[in-house]
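Can you make the complete structure from the sequences, with help from the hints?
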Amino acid sequence: MPRVKGHEMKDIFVSSSPHIHSPEDTPWIMRQVIYALIPGALIGVYFFGIPAIRVIAISVVSCMVIETLWQKLMKQDITIADGSAALTGLLLAMNLPSGAPWWLVVLGSLVAIILGKQVYGGLGNNPFNPALVARVFLLISFPVHMTTWPAPRAFFSQAADTVTGATPLGALKTAVFEHGTITAAPHLNLMDPFFGNIGGSLGEISALALILGGIYLIARKIISWHIPVIYIGTVAVFTGALWMMNPNLYADPAFHLIAGGLMLGAFFMATDMVTSPITNKGKIIFAVGCGVITVVIRIWGGYPEGVSFAILIMNALVPLINKVTRPGKFGAV
Amino acid sequence: MKTFKGGIHPPEEKELVKDNPIADFPLSSTFYVLVQQHLGAPAKPIVKAGDEVKKGQVITEPLGFVSAPVHAPTSGTVKEISKMVHPVTGLLAPCIVIDADGKDQWADGLPLERDPSVMTTEELMGAIKAAGIVGMGGATFPTHVKLSPPKEKTIDTFIVNGAECEPYLSSDYRLMLEQPERVLGGTLIAMRILGLDKAILAIESNKPDAIKLMESKAPPQIQVETLKVKYPQGAEKQLINALTGREVPSGGLPMDVGAVVQNAGTCAAIYDACAHGIPLIERITSVTGRGIKHPKNIKVRIGTPIKDVIDFCGGLNDAAKIIFGGPMMGIAQFSDDISIMKGTSGVLVLTEKDTNISHYSACISCGRCVEACPMCLIPSTLSKAGEKSMWQMALDNNLLDCVECGSCTFVCPANRPIVHFVKYLKALQRAANAKSKGA
Amino acid sequence: MVGGIGFVAALILGISAVTFAVEMDPREKAVLDQLPGANCGACGFAGCAAFAHEITENVEAEMACPAVNENALKAMSEILGRDLGGGAAFIAFVGCKGTPDQTITRYNYVGPRDCRAAQIIAGGSKACAYGCLGLGSCVDVCPFGAIHMGEDGLPHVVEAKCTGCAKCVDACPRQIIRLIPKSGNYGVGCISKDLSKDMKQYCKVGCIKCGLCENICPFDAITVSKDSSAVIDQSKCRSCGLCVSVCPTSVISFLHTPLKARVIVEKCKGCGICDQVCPVEAITGKPKEPYLVNESKCIGCGLCIDKCPADAIERIVS
Amino acid sequence: MYYILLIVGAALVNNFVLSRFLGICPFMGVSKSIDTAVGMSMAVIFVMTLASFVTWLINDLLLIPYGLGYLQTIAFILVIASLVQLVEMIIQRVSPPLYQALGIFLPLITTNCAVLGVAILNIQLKYSLLDSCIFAVGAALGFGLALVIFAGIREEFELNNIPKAFRGTPIALITAGILSLAFMGFSGLVK
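Chains as they are written, first to last, in this note's numbering: chain A, 1 to 333; chain B, 1 to 439; chain C, 1 to 318; chain D, 1 to 191.
No wet-lab data here; the hints were simulated from the structure.
Here the structure is a predicted model, which is why all the values come from computation and not from measurement.
Here a beta-carbon is modelled for each residue, glycine too, at the ideal position from N, C-alpha and C.
Watch out, some of these pointers could steer you wrong.
[Said to hold, decoys possible] Pairs of lysine-lysine residues, derived as BS3-like cross-links and limited to a Cα-Cα distance of at most 27 Å, are as follows: (1) B/K83 / C/K236; (2) A/K221 / B/K228; (3) C/K193 / C/K260; (4) B/K217 / A/K329; (5) A/K72 / C/K236; (6) B/K228 / A/K281; (7) B/K426 / B/K353; (8) B/K198 / B/K217; (9) B/K353 / A/K329; (10) A/K323 / B/K426; (11) A/K72 / D/K32; (12) B/K198 / A/K281; (13) C/K29 / B/K388; (14) C/K29 / D/K126; (15) C/K288 / C/K260; (16) A/K75 / C/K200; (17) B/K44 / C/K193.
[As the list claims (entries may be wrong)] If we take Cβ atoms under 10 Å as the criterion, some of the chain C residues that face chain B in the derived model are: (18) Q119; (19) G123; (20) G124; (21) A129; (22) S137; (23) V141; (24) E151.
[Said to hold, decoys possible] Using C-beta positions, here's what the derived DEER-type ranges look like: (25) B/S82 / C/N294: 33 to 39 Å; (26) D/L5 / A/I215: 54 to 60 Å; (27) A/A219 / C/D152: 48 to 54 Å; (28) D/L125 / A/A219: 36 to 42 Å; (29) D/I74 / C/A30: 30 to 36 Å; (30) C/A50 / A/P143: 31 to 37 Å; (31) B/E122 / A/V324: 53 to 59 Å; (32) C/A10 / D/S33: 32 to 38 Å; (33) C/L292 / D/L173: 36 to 42 Å; (34) C/D101 / D/I24: 50 to 56 Å; (35) A/A332 / B/K153: 18 to 24 Å; (36) B/D99 / C/D152: 43 to 49 Å; (37) B/S205 / D/L173: 54 to 60 Å.
Rendered as structure tokens:
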């Protein structure tokens, strides 16, 4: 008796259950994160002008080209359509100063895509956030290039664009280092960093734009609130406590939240799904860890900005956190 | 409104067929009655080619306690005992082919007229067993086994599952709306067998008219409970957890926490068996989905060939998938040489747009499946282990707790077939156990 | 003075050496070095270390490791001081020739690319219940890379690399792959048990059980029955090849069809990489000009094919 | 407060594996699974503390008075070797599975540059006996921390499909590189 009496319907599909699927897929998620990053990028372009566009363009294009080349060479199927390379490129660009030379950006993309992701087996297999791996790699290999912050000026004003100013955190670090108190740092009204009128990497300057992007992501349920809220909360509480203890040695928490890369880190870097814990409890532990290390490096460490290092170190702890925060067994016997 | 942890909100798509009243299905010319229509030990045909059979006459004999007999859906002659594709396994299985004589003549004495309230529990149990009643939700577990838990298990709650959380389907909904007496009657019978004085009838809040009707008709001992609309609310472990807060122990059965769950359709069949001695030869099925021209709820005989059902509902229009059961846990069919079974709660025909046939990509650990999983598992780890056939590692991650409800696969942005990986890992684990026991 | 420290330390160690004594047989270590170390589990033990322990301790333990070569076998016999007997060398053979264009598939399968996974959903997409699904479970489990998926959608065994560890035999959900002694020369490319009139509906290259091979074989080494495809008894088969000539659907194939490599002249850029990787120097040529494969020398291992950047080398049956 | 800074300095800032790049071979060898990593860390903590305690005493009582400073390295190695032998026996008796898992790496602690490094650093940095012991504990904790974190990551690699060319040690070396990049964030923490 043959298996089929010639009744099979050739073009019918058969798969295991379930047979329906939610409309959200990986490319959709990556696109939403890119849309959320656009306000921050625009503010960067507004304040740093054409060089910012140049850096973003080089970074995104080179990331995509490198990924395609790698996958062709390794005879793997090309996954450029999922937009993860473009997202990594954009994130990397926002971590670089707009004055970064083109070869630095290309090298950063190379490190981000190859060392950060493809060598581990492509999307979803990398333990560290690719954009951060590239940023820290560049920060340590080319400290000079990575810390020349072109001064921000309105897009249309003709002021000379070679003037370099320090980032607020950088000024704070030198002040404490030389005079032992923060009062020596140039006074900063908090509105400037809020809207972006400060030195810094081209993507991290405007806290407002990044917060807007972050809220969009949380509203669209792309990321859960746990990591950004707890991360920023930990930094606020920690710096607040220190500020209470000794106001002229430690800056006030509002400054710490708005200045530097905290907003970009908390909303876009730490919440990278591949490199953050999978359970909500794990996300809370991860965020607290990031917050503590960020403040420790900012206050006592050698580098003015601790966000990148904190997130990378916590990325390393994610497998352990996942193991510890496994959900309890249903009906544990 | 009560509910459980985890779960997802798939688009309900019930409006396609929700408001169509149950249509009577014309008698087919030939019936293909599968011998194995239940979960458990196989049964043996007791008729041979050429025999005359009457409607409701028993035609197979169960081998073993956990088994159920099958009955002739109509009067006619047995053409042959041959093989056809079994909708659940996809392999060839024995089936009894009956050519209907059109008279639709009941077997001698049926349908009886008797009052279940005066019958003893042994008589009730005998009637259920003889009628071949099985779980109609889709699991098809023999009902007489479920209603006779071992002595040491004390049962204090009887739950009638009217949740019908699967999208597209509305057979239980129409049953509760149009024939509430059968459901309530069956519930009372089951309560008497289990020796309980109260029961819970659980219905999801997206069926308000059914809830109102049941509340008005239900005797005081049957309490109607409204549940939040969430998939998989109708799964046994989730239903018990939502209504009683108890958690069925891992690897255990509902009776371990003193609960017995029966589908609303099964209760209706219990009533017919006890009150009228009618065996399970007919059931209500939703034929729905955008791949079929006129979706209908039909009262159809077991063994009716699927071709007749599709023609009755206007035929297919660019069908990509034909599924027995709901979209979340139903089984995709590939041959139209199959027939309606006792467990076919729905015939769902999906177009390419409604179903999911794209290839899967790498897991990005986004955690949506962890939030969706009602059994508190980490589906992403199971799917990665599945890709590498690492069943030992999956066992350490509570592989056997998975009820294969499909919530994780529904929400997974990378389109990963996690349920398929789980089924594969379970198959590997069973093969390894058999080999180690055998070796 | 250093001697002093040495002496004190030796004293402490001497005492503790007695209290914590656990000894291990040095021969076990030597045997372990001879084993291939692939931990493939074909000997039935968790890995090579476990097997080495067993064969050293238990005197009657058989040499169950198929993947061991002759000289390693001799070395182990000396170490253990007893003859371990020759591990009969086996090679995997794929019992199906049903390429996608010669057979009918019942539905479009959507799901993981693995035969074992496809088999549990509706019994596999191929109409023939015994045919190869071509999703490569055997390729994934082979620890020696000795089996690969050809363009015709069927697995091909590279004789040079196959050690007969039988992992692919267990992996195949339809038991299509079987172990045949290397000495044997012919294998039947079909294991279908369906009657030929039914099989014709969905496969043009299966064994139609006509029995011609059975009649013609002078050594009655081949048997066919109504519900079982032709089976060759390798001990009786003298590899005369008569059965191959009469088989109407050419199901029986020469086992050692040494797959040869051949350079596609128009694609070859003359980079010479194939010449460097070839273990038997079967490829010659001048840079920038198409290279040439010497078919008599070539053992068909396929290294050149894997390494060639221009995909300019193809596998052919000599 | 000073001691806490000492331990944090040794464990995080100039972590033995990630900043000073000492003890890389057991770091690569034993980090296949978390439980062997924990077992190895325990063994290293025990050996390092005892070794620095004993070596400091030997250095202070024997080597300096008799002006035998040049014998420093050999004497230290001798002490460490005997300590490792002791630990090896204890572990073999107490938990054979751990012994099997650690395998060759347990005797390897003898030649482990991290352990010898602690002993010599204690002398170079002119720590007192108590300081050198605490420094050793800090260093061992740093080594253990890095090992367990690294083992956590490598266990995840079982599930990833890393390209064939990178499987095993190559991917481990790249990951260790990035991990040390991350730990460089702590530099300058303790003056």
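Hint by hint, here is what the structure shows:
1. B/K83 / C/K236: violated, 39 Å
2. A/K221 / B/K228: holds, 21 Å
3. C/K193 / C/K260: With a Cα-Cα distance of about 33 Å, the restraint between C/K193 and C/K260 is violated, given a limit of 27 Å.
4. B/K217 / A/K329: violated, 40 Å
5. A/K72 / C/K236: Between A/K72 and C/K236 the Cα gap is close to 50 Å, so the pair fails against 27 Å, i.e. violated.
6. B/K228 / A/K281: holds, 25 Å
7. B/K426 / B/K353: violated, 31 Å
8. B/K198 / B/K217: holds, 15 Å
9. B/K353 / A/K329: Given pair B/K353, A/K329 is violated - Cα atoms ~37 Å apart, limit 27 Å.
10. A/K323 / B/K426: holds, 23 Å
11. A/K72 / D/K32: violated, 31 Å
12. B/K198 / A/K281: violated, 40 Å
13. C/K29 / B/K388: violated, 31 Å
14. C/K29 / D/K126: violated, 45 Å
15. C/K288 / C/K260: Holds, at about 23 Å.
16. A/K75 / C/K200: Violated - the C-alpha atoms of C/K200 and A/K75 are around 38 Å apart, more than 27 Å.
17. B/K44 / C/K193: holds, 25 Å
18. Q119: With a minimum Cβ separation of about 8 Å from chain B (threshold 10 Å), the hint on C/Q119 holds.
19. G123: holds, 5 Å
20. G124: Holds, about 8 Å.
21. A129: Holds - the Cβ of C/A129 comes within 10 Å of chain B, reaching about 8 Å at its closest.
22. S137: It holds, given that the least Cβ distance between C/S137 and chain B is near 8 Å, below 10 Å.
23. V141: Holds. Min distance 8 Å.
24. E151: Status violated, d = 20 Å.
25. B/S82 / C/N294: 33 to 39 Å: violated, 59 Å
26. D/L5 / A/I215: 54 to 60 Å: Since D/L5 and A/I215 have Cβ atoms about 41 Å apart, the given range 54 to 60 Å is violated.
27. A/A219 / C/D152: 48 to 54 Å: holds, 52 Å
28. D/L125 / A/A219: 36 to 42 Å: Given a distance of about 55 Å, which is not inside 36 to 42 Å, the answer is violated.
29. D/I74 / C/A30: 30 to 36 Å: holds, 32 Å
30. C/A50 / A/P143: 31 to 37 Å: For A/P143 against C/A50, whose Cβ atoms are near 53 Å apart, the range 31 to 37 Å is violated.
31. B/E122 / A/V324: 53 to 59 Å: At roughly 55 Å between Cβ atoms, A/V324 and B/E122 fall inside 53 to 59 Å, so the hint holds.
32. C/A10 / D/S33: 32 to 38 Å: Roughly 35 Å apart at Cβ, these two residues keep to the hinted range, so it holds.
33. C/L292 / D/L173: 36 to 42 Å: Taking Cβ atoms as reference, C/L292 and D/L173 lie about 41 Å apart, which means the hint holds.
34. C/D101 / D/I24: 50 to 56 Å: Since C/D101 and D/I24 have Cβ atoms about 55 Å apart, the given range 50 to 56 Å holds.
35. A/A332 / B/K153: 18 to 24 Å: About 20 Å separates the Cβ atoms of A/A332 and B/K153, which means 18 to 24 Å holds.
36. B/D99 / C/D152: 43 to 49 Å: holds, 46 Å
37. B/S205 / D/L173: 54 to 60 Å: holds, 58 Å
Comparing the model with each numbered hint stated earlier shows that hints 1, 3, 4, 5, 7, 9, 11, 12, 13, 14, 16, 24, 25, 26, 28, 30 do not hold.
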